[in-house]
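**Student:** Given next are the chains, with one letter for each unit.
There are 2 protein chains.
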Amino acid sequence: MPPDPRLLMAGSSPALMRAVDLIRKKRDGGELTRDEIAFLVDGAARGTVPDYQLSAWLMAVTCRGMSRAETALLTEAMLGSGEVMDFSALGAAKVDKHSTGGVGDKTSLVVAPVVAAAGLYVPMISGRGLGHTGGTLDKLEAIRGFRVDLSLAEFRAALEACGCAFGGQTPEIAPADKRLYALRDVTATVESPALICASIMSKKLAEGIDALVFDVKVGDGAFMKSEGEGVALAELLVDTAKRVGKRAVALITDMDKPLGRKIGNALEVEEALEVLRGRGPDDLCALCVVLAAWMIFLGGRSASVEEGKRLAEEMIASGRARDTFRRVIKQQGGDERVVDDLTRLPRARGTEIMRARNSGFVTRMACERIGRASVVLGGGREKKEDAIDPAAGVVVEKKIGDAVRAGEPLCAVHYNAEERLGEALQMLETSFVIAAEAPQRTPLIRRIVGA
Amino acid sequence: MPPDPRLLMAGSSPALMRAVDLIRKKRDGGELTRDEIAFLVDGAARGTVPDYQLSAWLMAVTCRGMSRAETALLTEAMLGSGEVMDFSALGAAKVDKHSTGGVGDKTSLVVAPVVAAAGLYVPMISGRGLGHTGGTLDKLEAIRGFRVDLSLAEFRAALEACGCAFGGQTPEIAPADKRLYALRDVTATVESPALICASIMSKKLAEGIDALVFDVKVGDGAFMKSEGEGVALAELLVDTAKRVGKRAVALITDMDKPLGRKIGNALEVEEALEVLRGRGPDDLCALCVVLAAWMIFLGGRSASVEEGKRLAEEMIASGRARDTFRRVIKQQGGDERVVDDLTRLPRARGTEIMRARNSGFVTRMACERIGRASVVLGGGREKKEDAIDPAAGVVVEKKIGDAVRAGEPLCAVHYNAEERLGEALQMLETSFVIAAEAPQRTPLIRRIVGA
Numbered sequence: 001m002p003p004d005p006r007l008l009m010a011g012s013s014p015a016l017m018r019a020v021d022l023i024r025k026k027r028d029g030g031e032l033t034r035d036e037i038a039f040l041v042d043g044a045a046r047g048t049v050p051d052y053q054l055s056a057w058l059m060a061v062t063c064r065g066m067s068r069a070e071t072a073l074l075t076e077a078m079l080g081s082g083e084v085m086d087f088s089a090l091g092a093a094k095v096d097k098h099s100t101g102g103v104g105d106k107t108s109l110v111v112a113p114v115v116a117a118a119g120l121y122v123p124m125i126s127g128r129g130l131g132h133t134g135g136t137l138d139k140l141e142a143i144r145g146f147r148v149d150l151s152l153a154e155f156r157a158a159l160e161a162c163g164c165a166f167g168g169q170t171p172e173i174a175p176a177d178k179r180l181y182a183l184r185d186v187t188a189t190v191e192s193p194a195l196i197c198a199s200i201m202s203k204k205l206a207e208g209i210d211a212l213v214f215d216v217k218v219g220d221g222a223f224m225k226s227e228g229e230g231v232a233l234a235e236l237l238v239d240t241a242k243r244v245g246k247r248a249v250a251l252i253t254d255m256d257k258p259l260g261r262k263i264g265n266a267l268e269v270e271e272a273l274e275v276l277r278g279r280g281p282d283d284l285c286a287l288c289v290v291l292a293a294w295m296i297f298l299g300g301r302s303a304s305v306e307e308g309k310r311l312a313e314e315m316i317a318s319g320r321a322r323d324t325f326r327r328v329i330k331q332q333g334g335d336e337r338v339v340d341d342l343t344r345l346p347r348a349r350g351t352e353i354m355r356a357r358n359s360g361f362v363t364r365m366a367c368e369r370i371g372r373a374s375v376v377l378g379g380g381r382e383k384k385e386d387a388i389d390p391a392a393g394v395v396v397e398k399k400i401g402d403a404v405r406a407g408e409p410l411c412a413v414h415y416n417a418e419e420r421l422g423e424a425l426q427m428l429e430t431s432f433v434i435a436a437e438a439p440q441r442t443p444l445i446r447r448i449v450g451a
Numbered sequence: 001m002p003p004d005p006r007l008l009m010a011g012s013s014p015a016l017m018r019a020v021d022l023i024r025k026k027r028d029g030g031e032l033t034r035d036e037i038a039f040l041v042d043g044a045a046r047g048t049v050p051d052y053q054l055s056a057w058l059m060a061v062t063c064r065g066m067s068r069a070e071t072a073l074l075t076e077a078m079l080g081s082g083e084v085m086d087f088s089a090l091g092a093a094k095v096d097k098h099s100t101g102g103v104g105d106k107t108s109l110v111v112a113p114v115v116a117a118a119g120l121y122v123p124m125i126s127g128r129g130l131g132h133t134g135g136t137l138d139k140l141e142a143i144r145g146f147r148v149d150l151s152l153a154e155f156r157a158a159l160e161a162c163g164c165a166f167g168g169q170t171p172e173i174a175p176a177d178k179r180l181y182a183l184r185d186v187t188a189t190v191e192s193p194a195l196i197c198a199s200i201m202s203k204k205l206a207e208g209i210d211a212l213v214f215d216v217k218v219g220d221g222a223f224m225k226s227e228g229e230g231v232a233l234a235e236l237l238v239d240t241a242k243r244v245g246k247r248a249v250a251l252i253t254d255m256d257k258p259l260g261r262k263i264g265n266a267l268e269v270e271e272a273l274e275v276l277r278g279r280g281p282d283d284l285c286a287l288c289v290v291l292a293a294w295m296i297f298l299g300g301r302s303a304s305v306e307e308g309k310r311l312a313e314e315m316i317a318s319g320r321a322r323d324t325f326r327r328v329i330k331q332q333g334g335d336e337r338v339v340d341d342l343t344r345l346p347r348a349r350g351t352e353i354m355r356a357r358n359s360g361f362v363t364r365m366a367c368e369r370i371g372r373a374s375v376v377l378g379g380g381r382e383k384k385e386d387a388i389d390p391a392a393g394v395v396v397e398k399k400i401g402d403a404v405r406a407g408e409p410l411c412a413v414h415y416n417a418e419e420r421l422g423e424a425l426q427m428l429e430t431s432f433v434i435a436a437e438a439p440q441r442t443p444l445i446r447r448i449v450g451a
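Chains as they are written, first to last, in my numbering: chain A, 1 to 451; chain B, 1 to 451.
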């Protein structure tokens with residue numbers, strides 16, 4: 001167990017720092033300083049610290065954890081590794097929301113135009129589908145012509161013109177995160193709360209926002225299965241946001257069942273548009289309004305969350321949110337007529353209904369498996385290179401708590417890839433538990449952290 | 001915290017294994033199976049698992065530990081990644097000893113010829129100097145012409161002809177260890193007992209030996225400072241040896257002071273030759289005899305350790321060990337006349353005496369710093385590329401427990417590099433603590449593990 005002789009050379013000056021000493025410090029449970037974290041993150045962004053040292057450090061962080069202060073320093077360093085957009089010249093606050101990912105979660109498509117219509121700016125940088133969950137960018141691309149690969153100038157122009165804009169992570173945004181995220185994926189260090197927090201936050205803060213609403217999903221269809229895990233991450237996210245000077249709140253929301261009824265890219269755009277017409281499923285409508293309300297409130301556009309809710313509902317009822325969405329679709333090259341004509345969305349050639357074998361109540365849904373069935377049909381990617389089938393997906397007819405009679409439809413499968421239909425149906429057949437007794441209803445919003 | 005969707009693909013068959021799943025299992029404190037460990041070690045040897053995954057796994061092992069069973073499996077897999085020498089045709093047992101490294105430890109140069117003279121085979125694969133400690137290969141190369149870079153065929157020929165042979169790790173021996181060791185050095189994963197054990201053992205077992213004696217150094221000049229750490233490693237080494245079917249014992253020996261009096265490559269060869277002439281310092285002579293005795297006993301050449309001691313002493317007194325050493329030096333291309341004529345060893349141009357400032361007893365020595373002073377003079381390497389000065393080093397005149405009067409020599413510095421003399425002297429000046437009261441004597445051999 002040779003203590004490295006060169007250890008003596010390590011000082012507090014970056015010029016004399018060595019990655020191995022910082023890895024050792026974290027391995028032994030130490031707390032890294034601002035300079036030390038900056039050294040590693042800078043090394044990740046500029047390529048001066050090799051992959052093998054970064055991944056040893058990531059594993060040490062995963063095993064030993066990071067303090068709240070360290071997590072904030074890591075977030076700031078990762079943010080600082082790239083460009084931060086400056087929308088300070090705009091006349092109103094900039095707000096955004098981030099979801100940790102779930103099945104059927106198309107709230108971004110609704111809340112961005114609602115909040116923009118209410119007079120705030122929503123510069124939304126989103127991701128692609130991951131695992132069994134969909135991604136906002138993939139969904140938007142189901143609209144013919146919609147471009148998400150905007151340059152920073154185009155993004156700014158869309159934001160100024162429409163009040164909201166949808167983009168993906170550009171090479172300029174948090175390049176350290178890009179490198180570290182790729183490593184985490186292959187080194188079993190994805191699960192560290194500190195690393196999750198810094199990764200999420202560094203990208204969101206690059207939007208130059210003033211306030212941020214987190215939607216932390218918990219349950220079978222979420223990445224965090226237990227409420228405890230979700231609350232812990234929510235507290236870390238909100239604390240980190242506050243440490244870096246942002247207003248923030250986190251909603252812990254139910255993901256034991258899909259959100260809304262539709263899963264799959266075009267299907268989710270369709271359902272989002274239904275919400276913007278005031279006709280969406282109750283759970284999805286309610287969550288969109290609450291998320292938008294918090295964004296409006298934290299953005300200083302309402303004196304209370306209640307007032308924010310009324311404002312959000314008004315934006316939907318008046319059609320102003322729909323107008324905003326129409327404008328941003330057009331601005332980003334998409335066919336904006338889709339807002340008023342859902343038949344302009346891609347539609348699958350085949351539909352297959354899956355029916356209940358017995359009567360009773362739906363008491364449990366294998367929500368993750370339902371999401372995965374949509375991926376199998378082409379609604380998501382199993383490998384990064386896979387192409388998406390925008391029309392493929394699943395429409396759920398019965399959800400937890402619903403009464404069902406034998407022979408009634410449980411869900412419908414929308415498919416083009418016939419060769420994958422069997423696998424998807426097989427997955428779905430074991431995804432609904434029907435029992436004689438109605439289950440207890442669980443609330444959609446389980447807790448609010450940081451309010 | 002996405003659970004990797006591809007996790008479902010991981011099975012027990014190597015074809016379906018993925019490194020990331022094994023890293024995750026270890027990260028979560030799981031125990032890897034034989035197949036799983038083989039997959040990673042094989043991937044290290046063949047280059048099919050990338051550095052960044054290996055280093056994440058090494059860090060997970062360092063943080064979570066390995067069970068005894070896993071450590072043995074890791075040892076076997078690393079051994080199996082390369083060639084294992086087969087000396088089964090030789091008429092006697094093959095034995096070796098391994099030291100965890102200390103200051104002034106030249107026992108290998110003595111015990112190999114002693115044990116070979118006693119009728120056993122000692123196929124000794126050694127290393128270079130590391131940090132503040134010297135290496136057997138560097139010491140042997142202080143003998144003019146001595147070649148340590150033997151091919152396997154040359155190594156075998158030397159062993160057959162002389163009963164012992166000295167070589168370095170060849171590319172054929174434990175290639176997985178070579179890759180993992182290089183990574184450990186730069187990822188702060190050197191200190192894991194399981195990794196230390198597997199690294200040591202895989203190289204030693206490649207010698208095709210039947211029994212192994214460990215000399216686990218503890219104290220200021222050792223890599224393990226506390227006896228507790230030393231005992232833990234010793235128990236792991238002995239247990240692992242037994243699990244893979246080898247006889248083994250570990251001596252926990254004192255390294256709070258240098259072993260013998262001479263530190264530096266030629267100086268240590270000189271002192272080893274003094275021991276072989278029956279005239280070496282007491283501590284060094286005693287340890288060499290005990291180590292040789294255990295090797296002789298475990299090799300089945302004596303009925304007891306006591307009898308082994310008598311045999312070892314007889315090999316020295318009769319000059320037979322010296323004859324063996326002379327033979328092996330000649331066999332490996334070295335100037336064997338050095339055995340009878342110490343002036344044939346390289347000698348430094350300058351000598352500087354450091355004297356005691358006050359009278360009393362030496363109560364403490366900064367043993368590691370003394371070793372490092374020898375490195376500074378050129379006796380070791382600060383960087384891998386540095387050249388060794390075989391003549392440079394330090395001769396200690398007073399050790400812990402010795403009475404000393406002000407003005408008496410504490411040590412002598414042998415140097416060629418005048419520009420480094422100042423630094424070395426400065427290090428040595430703070431390396432001796434002299435107090436009025438004599439310290440308690442501590443035993444040279446603190447414990448024996450596995451006897």
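Watch out, some of these pointers could steer you wrong.
In this list, chains with the same sequence are indistinguishable; a pair is considered to hold if it fits within one copy or across any two.
Dumping the calculated SDA-like pairs for lysine to any residue here, alpha-carbon to alpha-carbon at most 20 Å [claimed, not checked]:
no., residue 1, residue 2
1, K398, C285
2, K94, P346
3, K398, G127
4, K246, R420
5, K94, E83
6, K383, R46
7, K242, D341
8, K309, A403
9, K383, D283
10, K178, D51
11, K25, S151
12, K25, N416
13, K383, M17
14, K399, P193
15, K25, V186
16, K309, N416
17, K399, M354
18, K399, D51
19, K178, E235
20, K383, R405
21, K178, P50
22, K383, R18
23, K25, D341
24, K94, R420
Everything labelled a hint here was simulated from the structure, so no lab data went into it.
**Student:** Compare the structure with each hint and give your call.
**Tutor:** Checked hints:
1. K398 x C285: Within. Shortest intra-copy distance 17 Å satisfies the 20 Å Cα cut-off; inter-copy 85 Å does not.
2. K94 x P346: neither (33 Å within a copy, 76 Å between copies)
3. K398 x G127: neither (29 Å within a copy, 69 Å between copies)
4. K246 x R420: neither (46 Å within a copy, 55 Å between copies)
5. K94 x E83: Close inside one copy (17 Å), not across copies (65 Å); limit 20 Å.
6. K383 x R46: Result: close neither inside a copy nor across copies, 27 Å intra and 25 Å inter.
7. K242 x D341: neither (42 Å within a copy, 76 Å between copies)
8. K309 x A403: neither (31 Å within a copy, 87 Å between copies)
9. K383 x D283: neither (31 Å within a copy, 65 Å between copies)
10. K178 x D51: Both, since 13 Å and 19 Å are each at most 20 Å.
11. K25 x S151: neither (40 Å within a copy, 41 Å between copies)
12. K25 x N416: neither (53 Å within a copy, 38 Å between copies)
13. K383 x M17: Answer is between: at 17 Å across copies they meet the 20 Å cutoff, but 38 Å inside does not.
14. K399 x P193: Close neither inside one copy (31 Å) nor across copies (53 Å); limit 20 Å.
15. K25 x V186: between (23 Å within a copy, 13 Å between copies)
16. K309 x N416: neither (40 Å within a copy, 83 Å between copies)
17. K399 x M354: The answer is within: 14 Å in one copy meets 20 Å, while 86 Å across copies does not.
18. K399 x D51: This pair counts as neither: shortest intra-copy Cα distance 45 Å, inter-copy 46 Å.
19. K178 x E235: neither (24 Å within a copy, 44 Å between copies)
20. K383 x R405: neither (38 Å within a copy, 77 Å between copies)
21. K178 x P50: both (14 Å within a copy, 19 Å between copies)
22. K383 x R18: between (36 Å within a copy, 15 Å between copies)
23. K25 x D341: Cα proximity of K25 and D341: none, with 59 Å in one copy and 50 Å across.
24. K94 x R420: neither (43 Å within a copy, 62 Å between copies)
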